[in-house]
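Number of protein chains: 2
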Amino acid sequence: MTRSPQNTTYVYLFSEVEFVESRLGGDWDAVRALLGGKGANLGDMTRLGAPVPPGFTVTTDGCKAFLAAGGEFPRGMWEQELAAIEAIEKATGNRFGDAGNPLLVSCRSGSKFSMPGMMDTILNIGLNDEVAEGMVGRTGDPRFVYDLYRRLVQMFGSVVLGVPDRVFEAVLSDRREKAGVQVDAKLSADDWRAVTDQFKQIIQTYTGEPFPSNPLEQLRLATAAVFGSWNGKRATDYRNASGIPHDLGTAVNIQTMVFGNMGPNSATGVAMSRNASTGEPALEGDFLFNAQGEDVVAGTRMTQRLGDLEREMPEVYAEFARIARKLETHYRNMQDIEFTIERNKLWILQTRDGKRTAQAEVRIAVDMVEEGLIDRNEAVRRVQPEQVDFFLHPQLEEAARAANKPIARGLNVSPGAAVGVVAFDADTAERWSRDDGKAVIMVRPETKPDDVHGMLAAAGILTAGGGRTSHAALVARQFGKPAVVGASAIEIDLDKRVFAVGDIVVSEGDWISIDGTNGSVHLGKLETVVPDLNSPYLLKLLGWADDIRRLRIRANADYPRDAERAREYGAEGIGLCRTEHMFFESDRLPIVQRMILASSASERGEAIADLLPFQREDFTGLFRVMNGLPVIIRLLDPPLHEFMPAYDELVQDLADLKVRLRHLHTMSEIDQALDEIRAKQNVLDRVKGLRESNPMLGLRGVRLGIMIPDLPRMQARAIFEAACRCAKEGIDVQPEVMIPLTAHVNELKLQKRAVEEEARAVMEEQNIEVPHKFGTMIEVPRAALTAGEFARVAEFFSFGTNDLTQTVFGISRDDAEASFLMSYLKLGILPVNPFVSIDADGVGQLIELATRRGREVRPDLEVGICGEHGGDPASIALCHRLGLDYVSCSPFRVPIARLAAAHAALTDD
Amino acid sequence: MTRSPQNTTYVYLFSEVEFVESRLGGDWDAVRALLGGKGANLGDMTRLGAPVPPGFTVTTDGCKAFLAAGGEFPRGMWEQELAAIEAIEKATGNRFGDAGNPLLVSCRSGSKFSMPGMMDTILNIGLNDEVAEGMVGRTGDPRFVYDLYRRLVQMFGSVVLGVPDRVFEAVLSDRREKAGVQVDAKLSADDWRAVTDQFKQIIQTYTGEPFPSNPLEQLRLATAAVFGSWNGKRATDYRNASGIPHDLGTAVNIQTMVFGNMGPNSATGVAMSRNASTGEPALEGDFLFNAQGEDVVAGTRMTQRLGDLEREMPEVYAEFARIARKLETHYRNMQDIEFTIERNKLWILQTRDGKRTAQAEVRIAVDMVEEGLIDRNEAVRRVQPEQVDFFLHPQLEEAARAANKPIARGLNVSPGAAVGVVAFDADTAERWSRDDGKAVIMVRPETKPDDVHGMLAAAGILTAGGGRTSHAALVARQFGKPAVVGASAIEIDLDKRVFAVGDIVVSEGDWISIDGTNGSVHLGKLETVVPDLNSPYLLKLLGWADDIRRLRIRANADYPRDAERAREYGAEGIGLCRTEHMFFESDRLPIVQRMILASSASERGEAIADLLPFQREDFTGLFRVMNGLPVIIRLLDPPLHEFMPAYDELVQDLADLKVRLRHLHTMSEIDQALDEIRAKQNVLDRVKGLRESNPMLGLRGVRLGIMIPDLPRMQARAIFEAACRCAKEGIDVQPEVMIPLTAHVNELKLQKRAVEEEARAVMEEQNIEVPHKFGTMIEVPRAALTAGEFARVAEFFSFGTNDLTQTVFGISRDDAEASFLMSYLKLGILPVNPFVSIDADGVGQLIELATRRGREVRPDLEVGICGEHGGDPASIALCHRLGLDYVSCSPFRVPIARLAAAHAALTDD
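First to last, the sequence lines map onto chains E and R. Per our numbering, the very first residue in the first sequence carries number 16; after that it's consecutive. Per our numbering, the very first residue in the second sequence carries number 16; after that it's consecutive.
These aren't lab readings, by the way, just hints derived from the structure by calculation. Fair warning: there could be bad hints in the mix.
Heads up, the list lumps identical chains together, so a pair's fine if it works in one copy or across two of them.
[What the hints assert, rightly or not] Below 30 Å or equal to it, Euclidean Cα-Cα: the simulated BS3-like pairs (lysine-lysine) are:
no., residue 1, residue 2
1, K703, K673
2, K841, K764
3, K841, K703
4, K767, K841
5, K511, K673
6, K248, K767
7, K370, K341
8, K248, K764
9, K695, K463
10, K463, K703
11, K511, K695
12, K105, K360
13, K673, K695
14, K540, K420
15, K788, K767
Since this is a predicted model, take the numbers as computed values, not measurements.
Bound conformation, chain E alone:
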C-alpha cells in the first residue's frame, strides 16, 4: 500500500507484517502490541506462505487515537481502510457490494492479550438485499445465503447497535415453533428470509434507523464499535481483575470470508500437527465436506478422519500437510490448525499451540529436542510438573468417564483412579482385600489413625468429610492411594451399611469408581488405563531435569516398600522417616498402649524395651534399601492420645457396658463385666489425662522425648543397632537423627546428649563406627528465630512447613479448612491456601532467616524441608530461591519435584 508521509499509518495488510516488524526494530512483542495478538499471527502465517484469506488490521494506535478523539476516526484512518479494502478486492477478485461477485469480510477485535468480554466477531459484512440475491443466483442455495445474511443482521444488531440478543433469539424460537422443528438446521430458506426481514425490522424499531445496507457503512460502524468496546464495563472490569493495563487499546481485523459449505468440493476441519493423546508425530484431525466450522465442533454430523481427505483431495491434503509442518517448525510446537476448503481452494484460518495430554506433552517435548526444534531446557520448561503425575496413577478411561456422569464430587486430594467395591470400615476393607482378593474402595465419614490398615488394603478412599489436609488426604497421598475427600453430598449410614446421594443408594459391596485427579465419584466399575512411568520419553526428560536442577530431592518414607518406590522414582535419600507410623502397626500398638497406661516407671521402661526389636528391624529394612543414601529418622512426634481409643468412644463403650450389666444374672458374668468396666475406666482415665485443649500445641515432639527420656534413648539405640548391623553387612549406612518440634536450643542439647550417649554405647558394643548426623526440625517460629543457636548443636535443619504454617499464621490445619480458610480464599484475603503452597511472605521469610543465621554459624549446615509442601511446585521454586539444599516429599511426588526443581533453576537463569 502507498503510505502518505503526512498521515500516521493505522492500517496494515496481513501481508505487510514483515514491514511492520522491521519498522519496529524486529521486536515481535511490539508488533503484537501494535497489531494485537490475532492480527500479528494472521500476518505471521501470511508471511510463512500459508494461504490465509486476505485481510488487514487497524492498529491499536488507531484505537487509542479514536478513543482520545472521543470516538472520532483519526485523520486518514478511514481512507487507509478504504485503500486496504481495495487491495483485498484486487487480491481476491471480488468486490464490496458487487452482487455478481461480492466480497464478504469478518470483523474481529484483537488486543495484545486475549480478553474475554471484548466485542468479539461480526461475520458476513458486505451482505445486503442486492448482494444476497446475487449470491443466491450464483450458488443456487438461498438457504445458505439467507442464513449468512440473518447472522450478519443479528450480530450487527446486537454487537454494533446494542439490541439485546434475546430479542433476536425470541424471533428464532418463535420461528422454530411455527415451522414445527426443534433445531435451526431444520429451518428452510424461506424461514431464514423471513427471519432476516424480522431482524431488520427490529433494528429499525429499536434504533429508529434502518439496517445499513452499504457495505462500507457496515465496515465503518463495525470498526468504531470494536474500538468503543475497549472502554466498555465488561472489558474494563476484566482488565482490572487481570492486571492488564488500560492504555493498550485493541486492534480490529478485517478478513475475507471463506466458506466450507459451498458444495461437495468445499470442506472445513480442524487438525493437530501431532497426536494430542500420545504425542506421536503424525497429522491428526477431523473434517466435514460441505460444512461450516460449527458443524465440526458441534458433533451433530459424524466427522471424517483426515485420512479421508488425503484419499479424496490428495493435492489439497498434501498442501495442508506441508503447511502444517511449516507452521509447527516455525512455532516450535505442536499446532492446532483450523482450515477451510472453498471449492478446492485451501484456506488456513487459524493456528495455535495445541492442547494435549500429559503423555503427549512429554513425548512431543522429547521428540522436538531430537528433531532439533527445541533444546533440552525448553523441553523441560514445557512439561508442567503436575503433568508427571499422570504417569504415576491409573486414570479413568476417557470414554467410560464421558458415559458415566459423576454422582458426587469432592476434593481431589490424591490423584489417580480407583475402582472397587464399597467397604464401610477398615477391618472389612482389609478382610475383603486380603482374604477375598477384592478391589475395595473404603468409604468413611472421615478417617483416623485406627483406619490406616484399611486404607492400605483399599484401592482407593472416599470420605464425606475432611479437607485437603485431613487425615484421609495426608495418608492417601503418602501411600499414593487415589482419594476423594469432603464429598459432602454423600450421606453414610454405617448402621444400614449404605450411602446415599439424593435418591441413589449404594450398599456395601457395590462397585464404585473414584477419580482422585479431579474429585469425581461414579457408580459402577469403570474402565481404567494405566500409563507407564517407565515411558522412555519421561525418563529422558526427567534425566534432563536432573542435570538442570540444583535442589536435591528426597522422599518421606517410613517403610522399606516406600523407600524402594522412592529410589525407583529418583529420590536421593529419605528426608523424613516418621517413626510413629511404625507404632501404629497392629503388633506394636498394644505395646505402645501398655507404655502409655503404665502406672510405674519400671512398667513403662519394660514396654519401651519391648518396642526396641521392632524398631531395630524397621530401621534395618530402611538402611538396606537406602544403601549409599542418607536416611533422616525423626524421633517420635505425635501426642500420645493418638495411640489410644478416642475419648468419646470410650465414654460410649463404658455407658454400653453399664447398661449390659443390668441384664446379667450369673455372678461370673457380672464379675467379668465389672472387670471389663474397671479396665475400660482405667483407659478412659488415662485418655482423659492426655486430653489437651490444643493438642497441636501440646505434649508432643521433643517435649515427649524430654518427659519420657527412655523413649528417645530406645529409638536412638534401635537406629544405631540397625546401622551397625548393616555396616557390618557392607552397606553404606548414613543415618541422620532428627528431633521434632524443638523451640529452645536447650531441648536440642538435652536430646543430643541422650542420642550421642546411646550411639556411642552401641558403636562400642558393636565395635564399629557409623558416620551419622544429628539435626532438628524447625517447625515453630522460635526455632527459626534462634536458628543461630540451634546450628551450634544441629548439623542439619529440616523445616516442618506444615506446623510452621500453623504456628506462623496461628491457624489449625484440622479446623481451618472446614471453617474460615476456604472463605478467605474466596474473598481473596489469601492468594493461595498456605497448606498447599508455602506462604512466601511469612513462612518463607522465617525459612530464609533461619537458613541464613544457621549457615553463618555452620557453613555446611544441611537445610531442607519435609512434608506436604515438599511436593508442591510453587513451594519447590521458593525453596530453590531461598537456597535450600533439598526438599523431601511423598515418593509419588518425587518425579514431579525433580521437574519442578529444574523449572525453578531455569527461572533463575
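Please build the complex by placing chain R on the supplied structure of chain E, with the hints as guidance.
Below, chain R without anything else, positioned relative to chain E:
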C-alpha cells in the same frame, strides 16, 4: 605492721583497710576481691571508728599462692600471720596461750561472693587445757569455759580434721541421756569437761594425733583448712552452679573473740537502725544481758527491747546509737547491726543492710532522699516493683498467720488476703454476698466463664486445679481478687458440699482464709491488715518514678469501675478493653446465644442489633471515665463456643433428660420433656459444630469478624455512637479501634473498611467529628513478620504477648503449665516461664522486628503491649529496651508498672 619489700604481703590488719584501698587505686571492688567481702567490711567498720574486735585478714592472693603450691604456705605468709597476732595481742592486752590473760580468736572464710558450702567458722582458737583452767580461775565459771573449749574441739575436729560431726553429736546425745536432760543448756560444768575430754579422745583415735594444744598450731591448721576448702567438692559445685569463677580464692579472717555472757555487765543483741516494719526512723532492737548471740536468736529467753539498754547502760547505749547512725550514713541504708557488750565494753560484730517490709522500704527510701542521704533515682531503684503490690491488697496479720499454719498450698496467682465462708458455686457465692452480705471464698475444681459473676461477688477464689494462666488466675488478677489456684491437696466433693484436705473436712459455709500473695490456705477467720495505697511516701516515690520513666502505662479495663481504678492508680489510658467480657453479662448472654444459634442471616442480624444498645452504654461509660485519655477497644476475640454451655455438660444434660422421660406419665409432662430435649439437642448440635481440635488456633479474633461481618460493624457503630454522644457532652473522647488476631494485611484492610464506613456514617448522622485511630493486635508471628505491610493500614500496634508466646513457641497456655512446662523450668530448659516474663530471644525478637519495620513505614506508629506481661517488671524492662511507647496491664499492676518502667529507664542510663 612492718612490710618486707622482698615478700608479697598476704596479711592485713582490719585497721589497715585504708592502706589497702589506696594501694589498689581506691577501687573498693578490688579490695573486696583481695580481702573477701567479710574482711573488707570488718576493715571498713574499723575505719569508721566502730569498736570492732581487732583482727586481721589473710588475703585471697595468699589462698591462690597456697593452692598453687599444692597446699604449702607461700613464703612469708605465716610470719606475717605471727606478726599480726602480735599486733592484736598488743591492741587487746591479751596473749595467745597466756593462761592468765588469754587471747581467743575466731577463724572464718570470706570470699568476694557469699558462698554457702565453703568452710565456715572455727571459734575459740587459743584454748587448751592450761588456758581453760586459767579462764576458770579468772571467771569462776567452769561451765562457760568448758562449753567454749568443747566447741573449739568439735569445730576443729569436724572442720579442720574431717571427723564426721555425727560422732561428736552422738557423744552429746549420750551425755544428755546420762544426765537425764533434754537440752544442752541443762548440762553442767562437769558434763562439759567430760565431753571435751571425749572429743579430744575421738580426735586422737580418728587422726592418730592428739588435738593440737598449741594455739599457733591451731591457727596454722585452721588457716590451711579454710584455704583448702576452696577446692572442695561442695564449693566447686556451688561455683559451677552460680557461675562464680574458680580462680578468685577465699580470704581468712582472724578476729578476737568477745563474750556477752561474762556476767551482768555483759550483753548481746541485734538492732535495726530504723523500724523494719514501718520504716520510722528510730533505732529498734532486742538484746539479752549475760547471753550469747544464739540465745537472742533462738527465742529461748524473753528478749528485752533496746529501750531497756538505754535505761540500764545509758553511756553504752549512746555510743551504740552514735555508731549506728554513722554506719547508716556511711552505707546510705538502714543497717542490721550485731553487737556484744563484754563487761561494759561495746563491740560491733557485724553490720549489713537490714531486711524490711515493703512499707518500710518505701518510707526509708523517701526519708533518706529528704535527709539527703540518697537521690531520687536511688530511692526509686531501691524499691522493687513487686513491693508496691503490698499496698494494693489486704494482708494476713503476721501474728495470725504464724498461729495458723496453712492446711494447703497452691499457686499464688493473685495477691492479697481474703477471708470468707466457703461457697462451692457461683450462684451461691453471688447470693450469699449480695443478699446476705457475707464475705465469700468461692471454691471450685476450676473456673470457667460461667463462673465470673460468682468470682466478682466473692472476696477470694480458691481452686484445686489450674495453673498461673488458668481462667481463675486471669480473671482474679484482672479484678484484683486474691486467689490461690492449683491447690491440689484439696479434694472437693460438690455433691456433699465439702472439701477435704487429708482428715480435715471443710463444709460449705465454714470460714477459711487464703493468702494470694504466697499461696497459703488457712482454716478459720484470720485477722487481716489493710495497707494504704495513698501512703504519702508511696505517692511521692511513684511520682519520682513517673518523672524518670519513658514508657507510658495504660490499663486493661472492660468496665467503667475498672477504668476508674486504673485512673486512680495512675494509668494514662486504656490499652485494652475486651468487649467479650461485656458479652458474658447475664442480660446479654442470652442474646449472644441467640446470635450463635440463629438459623438464618436475618435472625442473626436481629440478635446482633439487639446487642447494640448494650455495647453503646458500655462504651459511653468508659469514655466518660477516661475523659482526655485514649481508650483502645478490641473487637470481639474469643471463639463462639465460649459463650455456650460446655459440650460434655450438654451431653450429660441430654442423657439426664432422656432418663427422666422414662418416669413421666401424663401426656403434657411428656410433651414438655420432649420440647426440652429438642431444644437441648439443638444447642448441642450447634456446640458440636463449633467444636475445634485446637480452638486457640481456630475461628476467633478477626476471623470471626470476617465470617460474621455484621458483628464488627455493630461494634464499630456502638463505639462511635457512644463517642459522638460523649463528645457532645464536652468529653474529650479518644477511641482507638483494635482488630485482634490478624495474620494477613488483607484481613485488616477488610475490617478497616467496615469500621471506617460505620464511623463515617455515625459521625454524619450525629453531625460531629471524633478523632480516632484504627489499629491491630500483633499476636501471631506472621503479623510481626509482615509488620511493614500492616503499618500501611494500622495506626497502632498492640502486641498480644500471650498469644504471641503460644504461637512462637508452639505451646498451648491452657495445657503446658499442667504438663511439661513446669518440668522444663525445673530442668533448666527454660530460664523463666515465658507466660510470666516475655521470652526476649524469640518473642522479643519478633516484637523488635515488627516495631522497626512498622516505624519504617509509619514513623509515628504507636506501639505497645497488652495482656499479662504488661504488669511484669522483666517484661516491662524488655519493652523499654525495645523502644515501645507503652505497656498496658491490669489496673492493679499499674503502680507496679510505673515503678518498673522507671527501673528500666534507670538501668538504661
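Quiz item: Of the numbered hints stated previously, which ones are contradicted by the structure, given in increasing order?
Solution: none
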